[in-house]
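Chemist: As a plain string of letters, each chain reads:
There are 2 protein chains.
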Amino acid sequence: MTNWNNLDTLASYKELLQSDVVDLKDAMTGEGGAKRVKEYRIPMAAGFTYDYAAKQVDDDILKTLVALANEAQLSDKFEELYNGAVVNTGEKRLVLHHLTRGQLGNDVVADGTNKRKFYEEQQQRIADFANKVHSGEITNEKGEKFTSVVQIGIGGSDLGPRAMYIALENWAKKNGKFLMDAHFISNVDPDDASAVLADVDVAHAIFILVSKSGTTLETLTNQSFVMDALKKDGLDPAKHMIAVTSETSPLADSPDYLAAFYMDDYIGGRYSSTSAVGGAVLSLAFGPEVFADFLKGAAEEDKLATEKDPLKNPDMLDALIGVYERNVLGYPSTAILPYSQALSRFPAHLQQLDMESNGKSVNRFGEPVSYPTGPVIFGEPGTNGQHSFYQLLHQGTDIVPLQFIGFKKSQLENDVDIQGSTSQQKLKANVAAQIVAFACGKDDENLNKNFKGGRPSSIIVGDEVTPEALGALLAHYENKVMFQGFLWNVNSFDQEGVQLGKTLAKKVLAGDISDALKEYADLLEI
Amino acid sequence: MTNWNNLDTLASYKELLQSDVVDLKDAMTGEGGAKRVKEYRIPMAAGFTYDYAAKQVDDDILKTLVALANEAQLSDKFEELYNGAVVNTGEKRLVLHHLTRGQLGNDVVADGTNKRKFYEEQQQRIADFANKVHSGEITNEKGEKFTSVVQIGIGGSDLGPRAMYIALENWAKKNGKFLMDAHFISNVDPDDASAVLADVDVAHAIFILVSKSGTTLETLTNQSFVMDALKKDGLDPAKHMIAVTSETSPLADSPDYLAAFYMDDYIGGRYSSTSAVGGAVLSLAFGPEVFADFLKGAAEEDKLATEKDPLKNPDMLDALIGVYERNVLGYPSTAILPYSQALSRFPAHLQQLDMESNGKSVNRFGEPVSYPTGPVIFGEPGTNGQHSFYQLLHQGTDIVPLQFIGFKKSQLENDVDIQGSTSQQKLKANVAAQIVAFACGKDDENLNKNFKGGRPSSIIVGDEVTPEALGALLAHYENKVMFQGFLWNVNSFDQEGVQLGKTLAKKVLAGDISDALKEYADLLEI
Chain A
166 MTNWNNLDTL ASYKELLQSD VVDLKDAMTG EGGAKRVKEY RIPMAAGFTY
216 DYAAKQVDDD ILKTLVALAN EAQLSDKFEE LYNGAVVNTG EKRLVLHHLT
266 RGQLGNDVVA DGTNKRKFYE EQQQRIADFA NKVHSGEITN EKGEKFTSVV
316 QIGIGGSDLG PRAMYIALEN WAKKNGKFLM DAHFISNVDP DDASAVLADV
366 DVAHAIFILV SKSGTTLETL TNQSFVMDAL KKDGLDPAKH MIAVTSETSP
416 LADSPDYLAA FYMDDYIGGR YSSTSAVGGA VLSLAFGPEV FADFLKGAAE
466 EDKLATEKDP LKNPDMLDAL IGVYERNVLG YPSTAILPYS QALSRFPAHL
516 QQLDMESNGK SVNRFGEPVS YPTGPVIFGE PGTNGQHSFY QLLHQGTDIV
566 PLQFIGFKKS QLENDVDIQG STSQQKLKAN VAAQIVAFAC GKDDENLNKN
616 FKGGRPSSII VGDEVTPEAL GALLAHYENK VMFQGFLWNV NSFDQEGVQL
666 GKTLAKKVLA GDISDALKEY ADLLEI
Chain B
166 MTNWNNLDTL ASYKELLQSD VVDLKDAMTG EGGAKRVKEY RIPMAAGFTY
216 DYAAKQVDDD ILKTLVALAN EAQLSDKFEE LYNGAVVNTG EKRLVLHHLT
266 RGQLGNDVVA DGTNKRKFYE EQQQRIADFA NKVHSGEITN EKGEKFTSVV
316 QIGIGGSDLG PRAMYIALEN WAKKNGKFLM DAHFISNVDP DDASAVLADV
366 DVAHAIFILV SKSGTTLETL TNQSFVMDAL KKDGLDPAKH MIAVTSETSP
416 LADSPDYLAA FYMDDYIGGR YSSTSAVGGA VLSLAFGPEV FADFLKGAAE
466 EDKLATEKDP LKNPDMLDAL IGVYERNVLG YPSTAILPYS QALSRFPAHL
516 QQLDMESNGK SVNRFGEPVS YPTGPVIFGE PGTNGQHSFY QLLHQGTDIV
566 PLQFIGFKKS QLENDVDIQG STSQQKLKAN VAAQIVAFAC GKDDENLNKN
616 FKGGRPSSII VGDEVTPEAL GALLAHYENK VMFQGFLWNV NSFDQEGVQL
666 GKTLAKKVLA GDISDALKEY ADLLEI
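Chains as they are written, first to last, in the working numbering: chain A, 166 to 691; chain B, 166 to 691.
Pulled out of the complex, with its shape left as it was, chain A reads as follows (with noise of 0.2 Å):
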């Protein structure tokens, strides 16, 4: 049995607190910071290393971390999850986005279903519908190809597939698999949905639905919108709409869409890119084979993240470390820096998964936590943010931890030799820069000009931004989550924190406002 504790409770975390701090720019000058830079690493699914060599660890401290993965039984909690474990205590509910990938450990039943059959399922009838779209099988009233497809949804539902969609977009294009283009609709605001419209070939367009409740309201505002758009072009909404639902919402065997495909309530919005909400306009875009190796990815990742020494567990390390940042040296915010355009998104992704999942001030009963929990976390692609918001980083009042992604490879691999590199070369030379100039800074006796330097960052370095590999890393940050989570004592699978605005928007609009609110919604002439 696991027991779930608060971290503050736990000795190895009193033990932490009472660490030295690591000095970085001494511990990565000269040849100890070779050394590490080689030490610490771990091989990561498909062929990504974690090197964690700039951040302010130590081996004692990596020992006490070790331990305190231990103590708070974080592969033990890991296991009870993905066998079936109400872990989702608020909501009460399994949490099993794990096996829309694989199957790490029994068989789970739940409403009598074996889950893992049931998410392999939805997978397979959502392959055969691609397969039909693609074939031309299944086609518009006029027998013509659909060549579009736009998924309409928000948070969950839109950020994790856009992100993916986005980053194996040039990749698909480069290796024969862009199969449709895909575009997005989520935001309330019209324009959002106008603009989209505008863009597309509506009477060759596949519209997919995603709600797991069927009940978001921008959602299906939205979908309101696609109708009145097709019919205004003549066209029957319900041969141009797909849907993607619980089986018990109202959207399930509807005669409103072409085809209906099943996630539950035990994979929360932010969790779902792998299950049928990414499955379906992945697939359809750049065929089932690349949604599946996808799934492979973080399948792997996955397995990986099964191993119980955290020094061999990528997920966990990382886990641990951005704990010790967040509690023991007191750093409030993370920044994620892919240099790679093909994971611009990525971060926007990785800030809902994180704040959403550990964004929170009660433990998992529902107490209290008298520690902070997750951090604020932002980024953008490098090199851009070099020429932004790293002026804050390198020689701000404040630290933020980083976290660098970079890959071998481009994905188009279609390059220019300059000045006797290629911008490939370029983009790399400047990730590996960055981390050096961080940790060790550089002395100048113009202030101005100084860089104090012992400012921490990880990278995971890839060969190329592949379905697989999205997947590995997908997932890596999916089971870091988790870990933080275990770790912090706070279910990352609710989000009650955002019920308050949705009742008082709709108190709004039914004009049942008064004091304060009444006057902002007559500010803003609602």
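None of these hints come from the bench; they were simulated from the model.
Since the structure is predicted, the reported quantities are computational estimates derived from the model, not experimental observations.
Certain hints may be false.
Pairs count within a copy or across copies, as identical chains cannot be separated in the list.
To be verified - Taking lysine-lysine pairs in the DSS-like style, the calculated list, with each CA pair at most 25 Å apart, reads: (1) K473 - K338; (2) K617 - K573; (3) K307 - K190; (4) K461 - K257; (5) K339 - K179; (6) K667 - K607; (7) K607 - K671; (8) K671 - K190; (9) K339 - K397.
Based on these hints, arrange chain B on the given structure of chain A.
Modeler: Frame of chain A; chain B shown alone:
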């Protein structure tokens, strides 16, 4: 004469530190709350209103903030700046971006030139060029009209102009001002340029090379990338490229360009959207009149920023409240949340503007400061963010001050009425609801569903995202950041913190590295 003193030497700052913290939940509840929302409000340019009722201030704190503004001589410093003082002390430069859109004070003569006339002249030269492109007087080699424009730039030459283009794209389409579609290449990642070039009809595209110094690595690399692509298509690059640069750069007066338009060292990259850097791409895309309207809005807001009473000066008051939150209340980050899909990349621009300007640890004399300066800035459009990181904002352990931006009307005015309200009404109801939800919270016995409230926000409300409104909004933030720099006594106009990474990257490419950096280079297979 003005005195430049550190924030913590000012008597009114010390008084602020002693002030009672406002209980926001109390203040915003009931009739008192309604009164605040009506009273704590300042008109801005272009029809905007800045409402700060849901910030943790009261009449006493506001009084001290007014005293702080006076003691720090904010108005006098701004006056010095726009009259041509060397406010960028690190680089010993004037700071003249306000002059690109109007003249607030005396003639400013530098390098033997009246700078207002210089900027106007460049704006006019761009307008003439754009008009000739639109009329077909300037064409490609085959005499065909140019239909697309591609900006090649990074950092300030990218983020601002790109955010402005995205903000006005739909407005222009609706109002018959969409003349050329614009694209942006920034990252040295070769996949960026490759993907953009694959999307663009290069035979009918004008490329704008933007680099003040003419030496930016990424930009020159991407220029070569583009020139190669043009040559491969049998096109003459010199007939397809224009430059925006300084008159002293290697790009000026070069036969490699159809034309060159000038900025100068007195316009920082992140402040250059209203100079030729934004002017060329926006005038080509939407016409010179649209760019002129954008400048007009910025000039109006600048005028307002000269108002000496902070309670009538939204840019100054926003700055003061931000410093109060950062230095007295101790909040380390700030989120900017536009409820407008048009402003989807506006937060990324503000992230650079703010973090690159004020992410400094030394004052303008090069002495270390002993208080926090610029915060971490992040944001995504609402309602999207509500389904993502708002969980942490509502229930996380840290408080993140917020600034909402809302508009009464959508840009495309294409809307649907569903369940008794339009999408635009739903969008506005959501932003109003969020302010009150953050401020007042909601008690629940189940602490997992409890909202403590007390989370501060302000809102800027406008009519619609028009060119003029966008200019005013941009200028508001530029001026806010400037006033905060004055308060922190830092130089907001240099960026020495970006240099070290560049230097080290060059060494990596030259193979001139050892130890840790060498190991990272090996890991990345550079």
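Chemist: Give a verdict on every hint.
Modeler: Checked hints:
no.	hint	in the structure
1	K473 - K338	neither (40 Å within a copy, 57 Å between copies)
2	K617 - K573	neither (29 Å within a copy, 47 Å between copies)
3	K307 - K190	neither (67 Å within a copy, 59 Å between copies)
4	K461 - K257	neither (29 Å within a copy, 56 Å between copies)
5	K339 - K179	neither (52 Å within a copy, 61 Å between copies)
6	K667 - K607	between (50 Å within a copy, 13 Å between copies)
7	K607 - K671	between (55 Å within a copy, 15 Å between copies)
8	K671 - K190	between (53 Å within a copy, 21 Å between copies)
9	K339 - K397	between (37 Å within a copy, 19 Å between copies)
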